[in-house]
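Need the complex rebuilt from these two chains, each delivered in its own frame; the hints are there to steer you.
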Amino acid sequence: MSMGSDMYRQQILDHYKNPRNYGDLDDPTFSHVGENPMCGDEIKVDVLLEDDGETIEYAAFSGEGCAISQASASMLTDELQGMTLDELDDLDRDDVIDLLGVDISPMRVKCAVLVEMVAQDGAAIHQGEKTSIEKTTTE
Amino acid sequence: MSSQTAEPFDVERVREEFPILDREVGDGQRLAYLDNAATSQTPDRVIDAMSDYYRGTNANVHRGIHHLSQEASIAYEEAHDRLAEFVGASGGREEMIFTKNTTEGLNLVAYAWGLNELGEGDEVVLTEMEHHSSLVTWQQIAKRTDADVRYIEIDDEGRLDMDHARDVIGPDTEMVSVTHVSNTLGTINPIGDLADLAHEHDSYIFADGAQAVPHQSVDVEALDVDFYAFSGHKMCGPTGIGGLYGRKAILEAMEPFMYGGGMVRKVEFEETTWADLPWKYEAGTPLIAEGIALAEAADYLKEIGLDRIDRHERGLVEYALDRLQEFDDIEIYGPPAGERAGLVSFNLDGVHAHDLASIMNDHGVAIRPGDHCTQPLHDVLGTAASARASFYLYNTKDEVDVLVDAIDDARQLFG
Ligand SMILES: Cc1ncc(COP(=O)(O)O)c(C=O)c1O
Numbered sequence: 001m002s003m004g005s006d007m008y009r010q011q012i013l014d015h016y017k018n019p020r021n022y023g024d025l026d027d028p029t030f031s032h033v034g035e036n037p038m039c040g041d042e043i044k045v046d047v048l049l050e051d052d053g054e055t056i057e058y059a060a061f062s063g064e065g066c067a068i069s070q071a072s073a074s075m076l077t078d079e080l081q082g083m084t085l086d087e088l089d090d091l092d093r094d095d096v097i098d099l100l101g102v103d104i105s106p107m108r109v110k111c112a113v114l115v116e117m118v119a120q121d122g123a124a125i126h127q128g129e130k131t132s133i134e135k136t137t138t139e
Numbered sequence: 001m002s003s004q005t006a007e008p009f010d011v012e013r014v015r016e017e018f019p020i021l022d023r024e025v026g027d028g029q030r031l032a033y034l035d036n037a038a039t040s041q042t043p044d045r046v047i048d049a050m051s052d053y054y055r056g057t058n059a060n061v062h063r064g065i066h067h068l069s070q071e072a073s074i075a076y077e078e079a080h081d082r083l084a085e086f087v088g089a090s091g092g093r094e095e096m097i098f099t100k101n102t103t104e105g106l107n108l109v110a111y112a113w114g115l116n117e118l119g120e121g122d123e124v125v126l127t128e129m130e131h132h133s134s135l136v137t138w139q140q141i142a143k144r145t146d147a148d149v150r151y152i153e154i155d156d157e158g159r160l161d162m163d164h165a166r167d168v169i170g171p172d173t174e175m176v177s178v179t180h181v182s183n184t185l186g187t188i189n190p191i192g193d194l195a196d197l198a199h200e201h202d203s204y205i206f207a208d209g210a211q212a213v214p215h216q217s218v219d220v221e222a223l224d225v226d227f228y229a230f231s232g233h234k235m236c237g238p239t240g241i242g243g244l245y246g247r248k249a250i251l252e253a254m255e256p257f258m259y260g261g262g263m264v265r266k267v268e269f270e271e272t273t274w275a276d277l278p279w280k281y282e283a284g285t286p287l288i289a290e291g292i293a294l295a296e297a298a299d300y301l302k303e304i305g306l307d308r309i310d311r312h313e314r315g316l317v318e319y320a321l322d323r324l325q326e327f328d329d330i331e332i333y334g335p336p337a338g339e340r341a342g343l344v345s346f347n348l349d350g351v352h353a354h355d356l357a358s359i360m361n362d363h364g365v366a367i368r369p370g371d372h373c374t375q376p377l378h379d380v381l382g383t384a385a386s387a388r389a390s391f392y393l394y395n396t397k398d399e400v401d402v403l404v405d406a407i408d409d410a411r412q413l414f415g
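So the sequence lines, in the order shown, correspond to chains E and X.
Per our numbering, the very first residue in the first sequence carries number 1; after that it's consecutive.
Per our numbering, the very first residue in the second sequence carries number 1; after that it's consecutive.
Check before you lean on any hint, since a few could be wrong.
Computed list of chain X residues with no C-beta within reach of chain E, every gap over 12 Å [stated by the list, open to error]:
no., residue
1, Gly192
2, Ala222
3, Asp409
4, Phe414
Residues from chain X shown here face chain E by an in silico Cβ test under 8 Å; the list is partial [stated by the list, open to error]:
no., residue
5, Gln216
6, His352
7, Asp355
8, Ser358
9, Gly370
10, Asp371
11, Gly382
12, Ala385
13, Leu413
These aren't lab readings, by the way, just hints derived from the structure by calculation.
For every residue, glycine included, the Cβ atom is placed at its ideal position computed from N, Cα and C.
Bound-form chain X, shown alone (with noise of 0.2 Å):
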């Protein structure tokens, strides 16, 4: 680690990056954005590498001869290699395959591996804190092979149960798939242990990062996943864009997910063969300039250093847990500071999230109530609903401190 990784990055100049962080919501209010684990805001030179494109390099991929379409096709292919190498994939662009999102990449082997391979006596393990994206997905996909679905629980303080864990992976999973850091309770799973567990009884493991590669340095082959999802829009990147990891030798056996054009090698009316890696999994005309985009974010990303990423957010969150703590009227979901990544969800007594939120929404604060996508986990937490407000590296202290006082005054207004 060069010398430069281990300082603080200068929040405000990372702020002069994010135009939309200046603009005013309600009657003025200034805004603080503290809804990231949903959606990230984007940088200027993530904007301009989609505006560029669309000015100077816009063609189709893969097919064209002429000039536009060859530069297209290198940024986009490159874009790949860009991709597998910001989450440590050495076989790059074969191992990186662009999807939609995180959920499209979850489908895309649920359905290609999945419902091909799963059948009566299989099981697919999952974790109680799954996102909807995983846990429908198996769920459906499961039901549909006879397959069956275990959870591995969580403690009290959100954690996965690992020795539940021992008891559920066994000889007859075939599936492990786990998120890598929850969005709800924040919680950064073990997932090199939970690869070990899943190897050692010949099942695969998919690792969800959607809430870990935007924030912290991912290495997959340390990891020792099978497959790795994330989204673009969690990360600085555009919406519709989004990566899969797979293994070369498993997405060389796996069957294709979706058919059509630029997914084959030689068509004839009764066979088809298809295309090389990661194109086999690409069918139509693929996200061009999102692609391109998206590894200009992952590019951004590493420039400022995920690590520095990690560090600030986590300096937030340990400051939003010890402001929240101050109160014995919220309740607060999760591990402790130190163990948990920059998100909170806590709910305020006697307030519903939704109205803690258009409060905050009345102090210009964007936070996120409701189920966050995992209902399951929240019937475990014993609530339908809760305030969740997730940091990025452009949050500060000042904004936590807004949050709180806004909290504050729903307190009053409810008390």
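Bound-form chain E, shown alone (with noise of 0.2 Å):
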């Protein structure tokens, strides 16, 4: 039998079973909520930022998925630490997709890049340049 699917490395399962940054910041500079419905997936993503109110010192999230959209946020927010809000905002799926290190098939894209689209636009929405919605979608 197959080791299941290359999607489900051991880095994937690892983040999945033990995710990093998990939980609610005592006092975020900005947090935002997305879903991807196919999913049924619901996260939240809080960051604080440094004084210079533009390079992120800590990143959490939380929420219930699958274990490609919690391995992703595990991920993201790791990689978060020290970058800038400029930074992110560059960030698109690809990179997200390298940094989960394995293929992801078609239908699950949504679940990969659902961390980053809520940390993205809570981003926007903390500087101004999207007005204000309750939660992000990847529909």
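Now the structure itself:
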């Protein structure tokens, strides 16, 4: 028997089972929620900025979902530390998929990019570049 | 019943009529197609009925004098009679409207009857297990007419709570719209009893037969329903075609749903009169090839025997439940074997249904993860998503074994 999908490499499973940066920040600079209606995944991202108002000091996430969306949230929140909001804005979907390090089947790409979309929307709303929306959705 | 229908059929011979079942998926996995509640596969003779029509008969219907149009019209119109007979409607074509699918059947009645007849204080009664096609439709029509929607609750094993049904269906009820078989729980609802309740209170009853007509013998007159809808693509037919049964007297009185050519008798600048049933409800050029092929699918199922198909699927679901119940990390939704139709929705502890489906796919197993268009029901079940395996006449116990092996693989991977 095959060892399961190529998507479910050790790294992904490790982040799914032991998510990094999981939970709520006490005093986030901004916070935003998004969902992937296809999977029923919902993720909240909290971001704390440094005093310069641009550099991410810490990012955390919470919510439930499939292994791909959870692992991607765990990895991306790790990656965000020390990044500026401009750099966050420059990320595209391939960057997250590269981070995951596996081939994501087309039907599951939305699961992978959910956290990135939520973080970017949260930042854009915080900076007044986007009108406030209650929830980001991958649809 | 002839003795032939008592015997099981030869699954391998059935499978020969469905070439798609032989194909491989992924990197050479044998396909185990267990997503039949979403869409069934199509036997050669139904595909042939479509292509024969285009190769030999293709023309517009109802209005031509030329030879092809006559042939096409007769075949298309007769297809209505065949479907009417298939679901036990003695009124023939006059009681059988061709629609795009079950969803359109529901919308047809919700718009043509509901929008005109419902008003403040009226109630539409649904169940907690309704598919979005019925739930969203009546919810929105009720909003537009100031009517209320009430939901019959389910018990812990996914059966309708009939005591609650007796509470909810009352003098203000104008429509009871219930699914015959739940596409998520596999529950087979007591439509006849619900029809009695509805009629006691002068309400109509609409049964959604999307998951019933493909799998069991249905008799709309024995069920005593006023409307009954189903989809061709779930019963070995093509996509884009479905049927709506309606009692003749109601269809005669009801307003049309869509306007245009084909549904009219006489048109003047100010006034129009409607064509005879069922054409009054089929505006524009209909799905001709699909309608003819749908009748072929109904004939095919009748020849195999709905009772035998039902028994075959119940055997499969019983086997699947036995195998899944071996594990205490699997939660199964819906009633016990014997009470359920040929599908099972479940969750594996610690593995999201979408991950499970991805791993299944690596084994060639096609199942469906998600909410199966029953989000409110999933709220009641306390989960956002579930995995669903749904069987049909061509499925085998071997395929159930492959499913269970794939679940085990997911368990190892995530364990
Ligand atoms: C119980 C039930 N009702 C309605 C539908 C809608 O069918 P369709 O999408 O063919 O309109 C389905 C199928 O998804 C179903 O399972």
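Hints, one by one, checked against the model:
{"no.": "1", "hint": "Gly192", "in the structure": "holds (35 Å)"}
{"no.": "2", "hint": "Ala222", "in the structure": "holds (39 Å)"}
{"no.": "3", "hint": "Asp409", "in the structure": "violated (5 Å)"}
{"no.": "4", "hint": "Phe414", "in the structure": "violated (7 Å)"}
{"no.": "5", "hint": "Gln216", "in the structure": "violated (31 Å)"}
{"no.": "6", "hint": "His352", "in the structure": "holds (4 Å)"}
{"no.": "7", "hint": "Asp355", "in the structure": "holds (5 Å)"}
{"no.": "8", "hint": "Ser358", "in the structure": "holds (5 Å)"}
{"no.": "9", "hint": "Gly370", "in the structure": "holds (7 Å)"}
{"no.": "10", "hint": "Asp371", "in the structure": "holds (6 Å)"}
{"no.": "11", "hint": "Gly382", "in the structure": "violated (12 Å)"}
{"no.": "12", "hint": "Ala385", "in the structure": "holds (5 Å)"}
{"no.": "13", "hint": "Leu413", "in the structure": "holds (4 Å)"}
Comparing the model with each earlier hint shows violations of hints 3, 4, 5, 11; every other hint is respected.
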